[in-house]
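Top to bottom, those sequences are chains A and W.
Count the first sequence with this note's numbering and you get residues 1 to 327, in order.
Count the second sequence with this note's numbering and you get residues 1 to 327, in order.
Warning: the hint list may mix true and false statements.
[Unchecked claim] Ranges between beta-carbon positions, derived for each pair:
#1 W:Ala269 with A:Pro117: 20 to 28 Å
#2 W:Arg304 with A:Met1: 29 to 37 Å
#3 A:His81 with W:Val260: 51 to 59 Å
#4 A:Arg229 with W:Asp300: 21 to 29 Å
#5 W:Asp254 with A:Pro139: 53 to 61 Å
#6 W:Gly292 with A:Thr59: 48 to 56 Å
#7 A:Pro288 with W:Pro117: 25 to 33 Å
#8 W:Tyr284 with A:Gly143: 53 to 61 Å
#9 W:Val260 with A:Leu144: 44 to 52 Å
[What the hints assert, rightly or not] Not close to chain A: a few residues of chain W, all C-beta gaps over 12 Å, as computed:
#10 His81
#11 Asp93
#12 Ala95
#13 Pro96
#14 Ala115
#15 Gly118
#16 Asp138
#17 Ala155
#18 Glu212
#19 Gln222
#20 Glu231
#21 Arg273
#22 Gly315
[To be verified] These stretches of chain A come out as covered by chain W in the derived footprint (C-beta under 8 Å, 3 or more residues):
#23 231-243
#24 268-278
#25 281-287
FYI, nobody ran anything at the bench for these hints, they're computed from the structure.
Please read these numbers as outputs of a predicted model, since none were measured by experiment.
Built from N, CA and C at the ideal position, the CB exists for glycine as well.
2 protein chains.
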Amino acid sequence: MATKMILDCDTGVDDAMAIMYAALHPGIELLGVGAVWGNVDVPLATRNTLRVLDLVGRTDVPVASGAAAPLLGDRPEFAFHVHGADGQGGAGDDAPVRPAAPTTAAQQIVELVRAHPGEVWLVPVGPLTNIATALALDPELPGLVAGVALMGGSARRPGNVTPVAEANIHKDPEAAAAVFRAPWPIVMAGLDVTMDVILTAEHRDRLAAGGEAGRYLARILQHYGEFYRDEVFGEWQCCMHDTLAVAAAAGVLDVRLAPVVHVEVDTTAGPGRGQTVVDLRGVYRGFPAQHGAHCTVLLDVDDRIADEAVDLIAGHGALPTFGAERS
Amino acid sequence: MATKMILDCDTGVDDAMAIMYAALHPGIELLGVGAVWGNVDVPLATRNTLRVLDLVGRTDVPVASGAAAPLLGDRPEFAFHVHGADGQGGAGDDAPVRPAAPTTAAQQIVELVRAHPGEVWLVPVGPLTNIATALALDPELPGLVAGVALMGGSARRPGNVTPVAEANIHKDPEAAAAVFRAPWPIVMAGLDVTMDVILTAEHRDRLAAGGEAGRYLARILQHYGEFYRDEVFGEWQCCMHDTLAVAAAAGVLDVRLAPVVHVEVDTTAGPGRGQTVVDLRGVYRGFPAQHGAHCTVLLDVDDRIADEAVDLIAGHGALPTFGAERS
């Protein structure tokens with residue numbers, strides 16, 4: 001009973017890993033992927049998504065392109081300094097890719113969810129523009145999905161864009177507000193856990209010794225880890241980020257602490273813009289139930305998911321359409 | 001070389017303890033106390049302040065009354081449910097008190113600071129209305145004080161009024177914004193540390209077995225601890241809160257972690273209103289220096305300060321003007 005899933009990515013280095021993980025994991029049935037602006041512009045996010053799926057032999061998974069800018073029309077701000085000029089750490093390739101699906105990412109979500117009512121997990125790991133757009137297209141969506149597991153926000157950790165805001169939420173706070181208000185079950189994999197699940201140089205080397213997908217991921221991680229070395233940790237390592245939302249949706253993440261609480265997104269122009277305001281006031285009493293709360297906020301997870309994801313991806317290489325390179 | 005100090009209190013149960021501690025501590029020279037609206041209305045805060053100083057024999061310390069409402073003129077919201085109808089846990093008394101000083105709390109701050117340039121610590125433990133007013137009276141104040149040590153705000157812990165806002169800041173965010181913007185050294189003793197320094201039933205009983213001041217404090221703590229039992233911790237205990245700012249100003253608090261970082265107060269009407277937005281993004285690198293930062297945010301302190309404060313107060317009882325009750 002694999003978990004049906006639609007990813008929504010701004011691909012991106014850590015997005016590439018999340019796509020590989022979702023595409024290869026035997027417990028996940030990847031129905032489709034949407035591309036959104038964010039780490040990179042949406043044409044590049046679309047191309048990178050298609051390329052990564054090709055690399056793992058999943059040309060069967062439809063990829064739809066989506067929003068190129070945030071809901072309110074502000075100028076999109078990308079993160080090429082983190083993800084490289086090609087969004088793949090400057091180490092991607094120019095292999096030809098198949099065309100994207102003849103629909104938008106938001107419409108694809110509506111169609112796939114309507115085709116499998118009650119079964120699909122939406123897993124957005126970039127700005128929430130496509131998901132908010134899907135909600136506007138089909139306001140019944142919250143009653144038709146299994147849930148939304150997103151990478152974004154922070155409850156107790158500093159932000160990574162402002163002191164309190166995480167990038168995916170800060171890039172489109174209005175879209176995020178719409179997503180958090182909608183009455184679907186949400187699992188928030190924010191910086192509280194994604195800063196704790198680290199890919200080390202040893203992980204990189206294990207990927208590099210693997211198949212084609214692993215070798216590709218090892219290459220694109222190099223620059224990403226250098227960014228984290230210089231700006232965050234002081235040594236070469238990087239956060240796994242997006243893969244955690246995929247693993248949470250699939251139920252394969254060992255979750256140690258995750259209260260179900262109210263979350264509100266700050267859409268003001270003040271210093272809190274883009275913050276996920278998470279109500280953890282019950283922390284001193286073991287988080288008593290909050291009436292009407294529908295957001296599960298991951299606060300502590302087992303970081304062995306990093307090893308599992310690396311092993312899964314390293315073990316898969318060139319598939320038949322890509323020749324006999326598999327190690 | 002005792003630390004010269006001006007307290008500013010909305011007295012309040014934990015304020016009463018802070019006043020006793022400041023008035024009795026041999027390392028503190030308490031120059032004056034201001035009263036401000038907050039836990040209770042300002043006339044009651046003034047009376048309670050005078051009464052507590054009388055109890056410890058400090059009729060020499062001038063008490064000036066201050067602001068009755070927040071800077072923007074909003075209706076003040078008090079916390080009688082926490083501190084009792086008399087602000088003293090319903091266990092205060094109606095002993096006559098001397099008159100307040102014939103000045104305002106803000107003017108008293110200006111005069112005392114100008115009389116001892118460079119020497120005085122301001123220690124506000126209620127809303128920051130009086131301190132902001134003093135800044136407006138004398139914009140040179142930041143260059144004339146030793147520093148400001150305040151109880152208020154939170155960096156990593158949940159708020160106690162909203163998910164992200166602590167009461168003293170939330171009651172008058174505009175005043176707090178003015179105080180945090182002014183270029184004086186600030187020590188922020190917020191919920192990050194004040195939720196960790198606990199008064200237990202054993203502390204209460206030790207106070208009750210002490211002198212008059214200790215017995216008074218034990219009595220007024222009873223209701224306060226019941227509030228914390230019912231609303232926060234599930235058992236009778238309470239936070240020491242305000243005394244931590246006094247101890248920090250006096251340099252007698254054992255501080256384990258306290259980065260000097262930028263802090264901005266959220267004055268929007270959004271969900272972050274009243275939040276202290278504290279820039280802890282350097283946490284992963286041991287908090288590298290932040291250019292221009294002037295706020296020391298206490299994140300971890302030794303909780304043995306609770307024992308020390310209890311012993312100090314329990315050991316002091318009826319002074320000559322109050323008869324021979326001292327145990």
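ask   = Which hint numbers does the structure go against, in order from smallest to largest?
value = 1, 2, 3, 7, 8, 17, 20, 21
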